[in-house]
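Engineer: What follows is each chain in one-letter form.
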Amino acid sequence: MGSITLQKVSKSFGTTSVIPEIDLEIDDGEFVVFVGPSGCGKSTLLRMIAGLEDLSGGRIVIDGKDMSNEAPAKRGLSMVFQSYALYPHMSVYGNIAFPLKMDGQDKGAIDKKVKDAAHILNLTNYLDRRPGQLSGGQRQRVAIGRAIVRQPKAFLFDEPLSNLDAALRGNMRLEISDLHHQLKTTMIYVTHDQVEAMTMADKIVVLNAGRIEQVGSPLDLYRSPRNVFVAGFIGSPRMNLIEGLEAAKQNAVTLGVRPEHIRISKTEGTWKGTVGVTEHLGSDTFIHVQVDGVGKITVRTDGDFSTEFGQQVYLTPEPARLHRFDANGQAI
Amino acid sequence: MARTITTRRKMTFTILGWAIGFLIFFPILWTFLTSFKTEGTAVATPPQFLFFDWTLENYREVQSRSDYMKHVTNSIVISVGSTLIGLALAIPAAWAMAFSPTKRTKDVLMWMLSTKMMPPVGVLVPLYLIFRDWGLLDTRIGLVGVLTMINLPIIVWMLYTYFKEIPGEILEAARMDGASLMKEIVYVLTPMAVPGIASTMLLNIILAWNEAFWTLNLSASNAAPLTAFIASYSSPEGLFWAKLSAASTMAIAPILIMGWFSQKQLVRGLTFGAVK
Numbered sequence: 004m005g006s007i008t009l010q011k012v013s014k015s016f017g018t019t020s021v022i023p024e025i026d027l028e029i030d031d032g033e034f035v036v037f038v039g040p041s042g043c044g045k046s047t048l049l050r051m052i053a054g055l056e057d058l059s060g061g062r063i064v065i066d067g068k069d070m071s072n073e074a075p076a077k078r079g080l081s082m083v084f085q086s087y088a089l090y091p092h093m094s095v096y097g098n099i100a101f102p103l104k105m106d107g108q109d110k111g112a113i114d115k116k117v118k119d120a121a122h123i124l125n126l127t128n129y130l131d132r133r134p135g136q137l138s139g140g141q142r143q144r145v146a147i148g149r150a151i152v153r154q155p156k157a158f159l160f161d162e163p164l165s166n167l168d169a170a171l172r173g174n175m176r177l178e179i180s181d182l183h184h185q186l187k188t189t190m191i192y193v194t195h196d197q198v199e200a201m202t203m204a205d206k207i208v209v210l211n212a213g214r215i216e217q218v219g220s221p222l223d224l225y226r227s228p229r230n231v232f233v234a235g236f237i238g239s240p241r242m243n244l245i246e247g248l249e250a251a252k253q254n255a256v257t258l259g260v261r262p263e264h265i266r267i268s269k270t271e272g273t274w275k276g277t278v279g280v281t282e283h284l285g286s287d288t289f290i291h292v293q294v295d296g297v298g299k300i301t302v303r304t305d306g307d308f309s310t311e312f313g314q315q316v317y318l319t320p321e322p323a324r325l326h327r328f329d330a331n332g333q334a335i
Numbered sequence: 051m052a053r054t055i056t057t058r059r060k061m062t063f064t065i066l067g068w069a070i071g072f073l074i075f076f077p078i079l080w081t082f083l084t085s086f087k088t089e090g091t092a093v094a095t096p097p098q099f100l101f102f103d104w105t106l107e108n109y110r111e112v113q114s115r116s117d118y119m120k121h122v123t124n125s126i127v128i129s130v131g132s133t134l135i136g137l138a139l140a141i142p143a144a145w146a147m148a149f150s151p152t153k154r155t156k157d158v159l160m161w162m163l164s165t166k167m168m169p170p171v172g173v174l175v176p177l178y179l180i181f182r183d184w185g186l187l188d189t190r191i192g193l194v195g196v197l198t199m200i201n202l203p204i205i206v207w208m209l210y211t212y213f214k215e216i217p218g219e220i221l222e223a224a225r226m227d228g229a230s231l232m233k234e235i236v237y238v239l240t241p242m243a244v245p246g247i248a249s250t251m252l253l254n255i256i257l258a259w260n261e262a263f264w265t266l267n268l269s270a271s272n273a274a275p276l277t278a279f280i281a282s283y284s285s286p287e288g289l290f291w292a293k294l295s296a297a298s299t300m301a302i303a304p305i306l307i308m309g310w311f312s313q314k315q316l317v318r319g320l321t322f323g324a325v326k
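The listed protein sequences correspond, in order, to chains A and B. Under my numbering, the first residue of the first sequence carries the number 4, and numbering increases by one thereafter. Under my numbering, the first residue of the second sequence carries the number 51, and numbering increases by one thereafter.
Any given hint could turn out to be false.
Pulled from the structure, derived: some chain A residues nowhere near chain B, Cβ distances all over 10 angstroms [claimed, not checked]:
id, residue
1, 81
2, 86
3, 130
4, 220
Keeping only pairs whose Cα atoms sit at most 25 angstroms apart, straight-line, the calculated SDA-like set for lysine to any residue is [what the hints assert, rightly or not]:
id, chain 1, residue 1, chain 2, residue 2
5, A, 110, B, 107
6, A, 77, B, 111
7, A, 299, A, 323
8, B, 233, A, 107
9, B, 233, A, 323
10, A, 118, A, 211
11, A, 187, A, 112
12, A, 11, A, 79
Hints listed in this document are in silico derivations from the structure and should not be mistaken for laboratory results. The beta carbon of each residue, even a glycine, is placed where N, CA and C say it ideally should be.
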């Protein structure tokens with residue numbers, strides 16, 4: 004079991020309030036991602052759940068028990084840190100065995116659990132090495148191994164992939180998702196990368212300046228962002244946000260349209276514009292178009308579409324996929 | 051062209067380096083040489099460098115006149131003892147300052163250091179009276195205590211700079227893994243800080259070994275370390291340069307040998323944090 008409930012949780016450092024007041028329900032076995040720009044309080048929130056940071060107010064309930072004032076180890080959670088935080092003076096074996104040793108388990112049990120974890124994570128051949136002799140991906144796997152041997156109620160991941168290169172990040176993303184399917188344990192994952200959030204989460208919590216902007220499944224957030232912030236943050240390339248006359252025509256202050264929901268044509272369409280930079284990704288092409296009276300619009304089209312710098316094109320947004328926001332940035 | 055200039059500069063700096071090194075080492079070398087001279091040649095003008103009648107007479111004389119082994123034992127007990135007690139006090143203190151600092155941590159550190167800036171003679175009289183009343187004069191325990199106190203600020207400072215280099219996340223990981231505060235210090239912090247703790251220990255043993263002011267003033271014979279042993283060959287009986295030199299050589303030999311074997315640790319300790 005691993006349900007976690009945050010009730011009116013708040014945090015302030017001195018007089019500065021970092022997290023005003025947050026309520027959140029995390030169900031057992033859920034993969035929840037906290038996502039937001041840097042400084043939005045997502046890591047602080049995770050550290051508060053872990054018990055590494057004191058609460059300024061509110062309660063944290065884990066499996067129905069108030070854990071707000073318990074020591075980190077008593078909460079039954081495991082954490083994987085951004086810097087891996089491995090013990091450099093211990094072997095891989097020693098690192099993975101450490102939490103079990105602290106728990107006072109006997110040597111036979113420790114040995115079995117460490118070897119099982121090493122097997123799951125493909126670390127069997129590296130058990131005698133020191134962390135310094137491993138690559139970044141291997142180190143991250145050791146950190147995960149150290150977390151899983153305790154069989155925690157929930158895993159906490161604090162930007163675990165941001166120190167890895169792009170290719171490795173993709174692999175590790177899959178491995179962590181895979182692990183979640185195998186273990187079915189609650190996972191809370193903090194990242195600033197919305198691609199990680201979209202691909203891994205059952206539930207995404209979008210944070211901004213210490214406040215929850217929206218909670219929902221990845222596709223919920225993609226299809227119906229509750230406000231301009233979520234609309235702009237979820238989805239890559241970013242949603243085009245248009246203000247002024249075009250928005251007013253739709254009875255909105257801000258009009259949002261995703262790059263993939265705009266048709267581009269060389270002959271006809273609603274908006275006339277001039278092609279700027281074109282980014283070819285092979286499978287897709289991102290075209291940045293300057294539209295008169297609307298502004299800069301990014302369009303995503305198939306990889307075979309060819310344009311030239313300065314060429315005239317026509318854009319047609321799909322009417323059913325327009326997002327309308329009021330003066331407060333809330334969806335209408 | 052550039053290459054010749056570099057070589058010439060390199061040579062200049064090398065020669066300069068050796069010259070300065072020799073200059074610093076010269077008094078020790080001269081003491082060493084003098085210890086093998088007779089009292090007559092020791093004060094001869096012009097001074098004789100290598101070509102004199104080498105004799106072990108001074109060492110024999112020093113050995114028969116005073117108990118070298120007793121002083122060495124005292125020196126070891128006082129320097130090692132004060133360093134170990136100092137470390138036991140300083141490790142938790144430095145841990146607290148490095149990993150859970152408050153607004154006043156810097157002030158506390160500065161205050162600790164400021165106690166080293168006061169001339170020790172300023173507290174000699176009160177300390178002497180306390181020692182007299184408590185029966186600590188000329189005891190090893192008393193000297194261990196006073197040397198622990200005077201070197202504690204340096205131990206704390208050195209450990210603090212070492213501990214600062216250890217990422218806090220590793221200690222947090224230990225906390226998540228269920229380590230109590232004590233286990234965190236024993237299993238994670240201390241092993242990671244071993245190089246730092248070792249060089250702090252070596253440096254403090256040397257400092258305590260060479261400390262003369264307090265050891266001379268608070269001991270007479272029973273607890274007198276090597277500093278007192280050397281001092282007993284200076285002025286009162288006239289000038290005995292050769293015997294004084296022999297005593298000095300015998301006094302610095304143990305610490306010199308220890309320093310020689312641990313020089314790698316020492317240099318690392320002294321330059322720590324200078325280059326990251």
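Engineer: Next pair to validate is residue 118 (chain A) with residue 211 (chain A); report whether the Cα-Cα distance is within 25 angstroms.
Structural biologist: violated, 41 angstroms
Engineer: Are all beta-carbon distances from residue 130 (chain A) to chain B longer than 10 angstroms?
Structural biologist: holds, 18 angstroms
Engineer: Are residue 233 (chain B) and residue 323 (chain A) close enough, with their CA atoms no more than 25 angstroms apart?
Structural biologist: violated, 61 angstroms
Engineer: Hint check: residue 77 (chain A) vs residue 111 (chain B), CA-CA at most 25 angstroms. Holds or violated?
Structural biologist: This hinted pair is violated, its Cα atoms lying about 69 angstroms apart.
Engineer: Compare the distance between the alpha carbons of residue 11 (chain A) and residue 79 (chain A) with 25 angstroms, and conclude whether the hinted pair is satisfied.
Structural biologist: Status holds; Cα separation ~22 angstroms.
Engineer: Starting from residue 187 (chain A), check that the Cα of residue 112 (chain A) is at most 25 angstroms away, please.
Structural biologist: holds, 22 angstroms
Engineer: What's the verdict on residue 233 (chain B) and residue 107 (chain A), does the C-alpha distance respect the 25 angstroms limit or exceed it?
Structural biologist: holds, 12 angstroms
Engineer: Confirm or reject the statement that residue 86 (chain A) sits farther than 10 angstroms, beta carbon to beta carbon, from all of chain B.
Structural biologist: Residue 86 (chain A) is in fact no farther than 10 angstroms from some Cβ atom of chain B, at 5 angstroms.
Engineer: Beyond 10 angstroms from chain B, beta-carbon-wise, is residue 81 (chain A)?
Structural biologist: Not fine: 7 angstroms to the nearest Cβ puts residue 81 (chain A) too close to chain B.
Engineer: Are residue 299 (chain A) and residue 323 (chain A) close enough, with their CA atoms no more than 25 angstroms apart?
Structural biologist: holds, 21 angstroms
Engineer: Evaluate the condition: distance from the CB of residue 220 (chain A) to the nearest CB of chain B exceeds 10 angstroms.
Structural biologist: holds, 29 angstroms
Engineer: Within 25 angstroms, alpha carbon to alpha carbon, are residue 110 (chain A) and residue 107 (chain B)?
Structural biologist: violated, 64 angstroms
The earlier numbered hints that this structure contradicts are 1, 2, 5, 6, 9, 10.
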